[in-house]
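Visitor: Could you put the whole structure together from the sequences, leaning on the hints where they help?
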Amino acid sequence: MKFLILSFLFFIFSVPSFGFVVLIDPGHGGKELGAVSTIYLKDRNGKKIKKKVYEKDLTLTLAKKIKQKLEKHFSTYLTRSFDRTVSLEKRAELADTVKADLFISIHFNSSSSHKFHGFETYYLDNHDDKAIKKVEAIENIGMEGENKIINHILIDLVIKQTVGRSKKLANSIHDTVGQKMQKRFRLRDRGVKPGLFYVLALSKRPGVLVEAGFMSNPKEIFKIRSKAYLDAYAESIAQGVVKYYGTLPPKEIPLF
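Just so you know, we're using our numbering here: the sequence shown kicks off at 271 and counts up by one.
Derived from the structure by calculation, the hints contain no laboratory data. Be careful, since some hints might not be right.
[Claimed, not checked] With a cut-off of at most 30 Å between alpha-carbon atoms, the simulated BS3-like pairs for lysine-lysine come out as follows:
#1 LYS438 / LYS493
#2 LYS339 / LYS360
#3 LYS385 / LYS474
#4 LYS342 / LYS474
#5 LYS463 / LYS339
#6 LYS497 / LYS450
#7 LYS342 / LYS489
#8 LYS437 / LYS320
#9 LYS438 / LYS360
#10 LYS337 / LYS369
#11 LYS312 / LYS437
#12 LYS360 / LYS337
#13 LYS437 / LYS385
#14 LYS321 / LYS437
#15 LYS360 / LYS430
#16 LYS369 / LYS318
#17 LYS385 / LYS321
#18 LYS337 / LYS453
#19 LYS342 / LYS453
#20 LYS474 / LYS360
#21 LYS430 / LYS321
#22 LYS513 / LYS317
#23 LYS312 / LYS513
#24 LYS301 / LYS322
#25 LYS453 / LYS430
#26 LYS450 / LYS437
#27 LYS493 / LYS318
#28 LYS474 / LYS437
#29 LYS301 / LYS489
#30 LYS322 / LYS438
#31 LYS385 / LYS317
#32 LYS385 / LYS322
#33 LYS513 / LYS474
#34 LYS301 / LYS337
#35 LYS312 / LYS322
[Stated by the list, open to error] Distance ranges between label pairs, derived from CB positions:
#36 LYS312 / GLY289: 48 to 58 Å
#37 LYS385 / ILE319: 18 to 28 Å
#38 LEU518 / THR308: 41 to 51 Å
#39 GLY289 / ARG314: 44 to 54 Å
Think of the CB as a built atom: it goes at the ideal place given N, C-alpha and C, for glycine as much as any other residue.
Guide: Pasting the structure below:
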């Protein structure tokens, strides 16, 4: 009997669950550049070359890598698959279109100080942290006036429905990133934090917003843009999602 139970559980978590849908959101895009970092490289002749690195490009690269790893397990979609401008509302509407179970928004951090570094993971919830409000101000650009007021009302409703699962997802992803990347890339763990992000509220689903390192840090930007770093971060997020999926009650796990 014990063998049969173990075999059944193995079947559940090893067979791809394509009834479970994950929507990955590469932050910014098109006219919305996101954070911009200037780095200096050397050409074949040793001459120094100035190069701009855009957050919108890094988020798309990382999102595609996450999709590639997750689609082995779940139905997986992107809010954009190339460099184009997509409003926060349109990103959230896609969650309804594909009937997403999870919403994962990918970003990279930036600060006026070059000293800040590390990774952090946000879930939708209320708070009074001034530092977090600065991050919100950047990621919520594009929502003003009447829409902003309406969305504050919506946020409270969505929080009640999703905060438990969103926090669990955030912890699962963040812990996996820490285990797999903290020592290898010497990353500072900045923690799992609550945040009032409109794109998470509008999606009306359990979700997280990932800040996968500081582009403003002169050392971290070179790690961030490397293939090894992006591959490892994508693998960590994918494993975190799979672990989260394994904690869902049977009624929430679509088997067929």
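Visitor: Does each hint fit the structure? Answer for all of them.
Guide: Verification of the supplied hints:
{"no.": "1", "hint": "LYS438 / LYS493", "result": "holds (28 Å)"}
{"no.": "2", "hint": "LYS339 / LYS360", "result": "holds (25 Å)"}
{"no.": "3", "hint": "LYS385 / LYS474", "result": "violated (35 Å)"}
{"no.": "4", "hint": "LYS342 / LYS474", "result": "holds (25 Å)"}
{"no.": "5", "hint": "LYS463 / LYS339", "result": "holds (25 Å)"}
{"no.": "6", "hint": "LYS497 / LYS450", "result": "holds (15 Å)"}
{"no.": "7", "hint": "LYS342 / LYS489", "result": "violated (33 Å)"}
{"no.": "8", "hint": "LYS437 / LYS320", "result": "violated (40 Å)"}
{"no.": "9", "hint": "LYS438 / LYS360", "result": "holds (26 Å)"}
{"no.": "10", "hint": "LYS337 / LYS369", "result": "holds (16 Å)"}
{"no.": "11", "hint": "LYS312 / LYS437", "result": "violated (43 Å)"}
{"no.": "12", "hint": "LYS360 / LYS337", "result": "holds (19 Å)"}
{"no.": "13", "hint": "LYS437 / LYS385", "result": "holds (28 Å)"}
{"no.": "14", "hint": "LYS321 / LYS437", "result": "violated (37 Å)"}
{"no.": "15", "hint": "LYS360 / LYS430", "result": "holds (23 Å)"}
{"no.": "16", "hint": "LYS369 / LYS318", "result": "violated (48 Å)"}
{"no.": "17", "hint": "LYS385 / LYS321", "result": "holds (21 Å)"}
{"no.": "18", "hint": "LYS337 / LYS453", "result": "holds (25 Å)"}
{"no.": "19", "hint": "LYS342 / LYS453", "result": "holds (27 Å)"}
{"no.": "20", "hint": "LYS474 / LYS360", "result": "holds (13 Å)"}
{"no.": "21", "hint": "LYS430 / LYS321", "result": "violated (44 Å)"}
{"no.": "22", "hint": "LYS513 / LYS317", "result": "violated (47 Å)"}
{"no.": "23", "hint": "LYS312 / LYS513", "result": "violated (42 Å)"}
{"no.": "24", "hint": "LYS301 / LYS322", "result": "holds (15 Å)"}
{"no.": "25", "hint": "LYS453 / LYS430", "result": "violated (36 Å)"}
{"no.": "26", "hint": "LYS450 / LYS437", "result": "holds (20 Å)"}
{"no.": "27", "hint": "LYS493 / LYS318", "result": "holds (19 Å)"}
{"no.": "28", "hint": "LYS474 / LYS437", "result": "holds (14 Å)"}
{"no.": "29", "hint": "LYS301 / LYS489", "result": "holds (27 Å)"}
{"no.": "30", "hint": "LYS322 / LYS438", "result": "violated (36 Å)"}
{"no.": "31", "hint": "LYS385 / LYS317", "result": "holds (28 Å)"}
{"no.": "32", "hint": "LYS385 / LYS322", "result": "holds (20 Å)"}
{"no.": "33", "hint": "LYS513 / LYS474", "result": "holds (22 Å)"}
{"no.": "34", "hint": "LYS301 / LYS337", "result": "holds (24 Å)"}
{"no.": "35", "hint": "LYS312 / LYS322", "result": "holds (14 Å)"}
{"no.": "36", "hint": "LYS312 / GLY289: 48 to 58 Å", "result": "holds (50 Å)"}
{"no.": "37", "hint": "LYS385 / ILE319: 18 to 28 Å", "result": "holds (26 Å)"}
{"no.": "38", "hint": "LEU518 / THR308: 41 to 51 Å", "result": "holds (44 Å)"}
{"no.": "39", "hint": "GLY289 / ARG314: 44 to 54 Å", "result": "holds (51 Å)"}
Violated hints, listed in ascending order, are 3, 7, 8, 11, 14, 16, 21, 22, 23, 25 and 30; each of the other numbered hints is respected by the structure.
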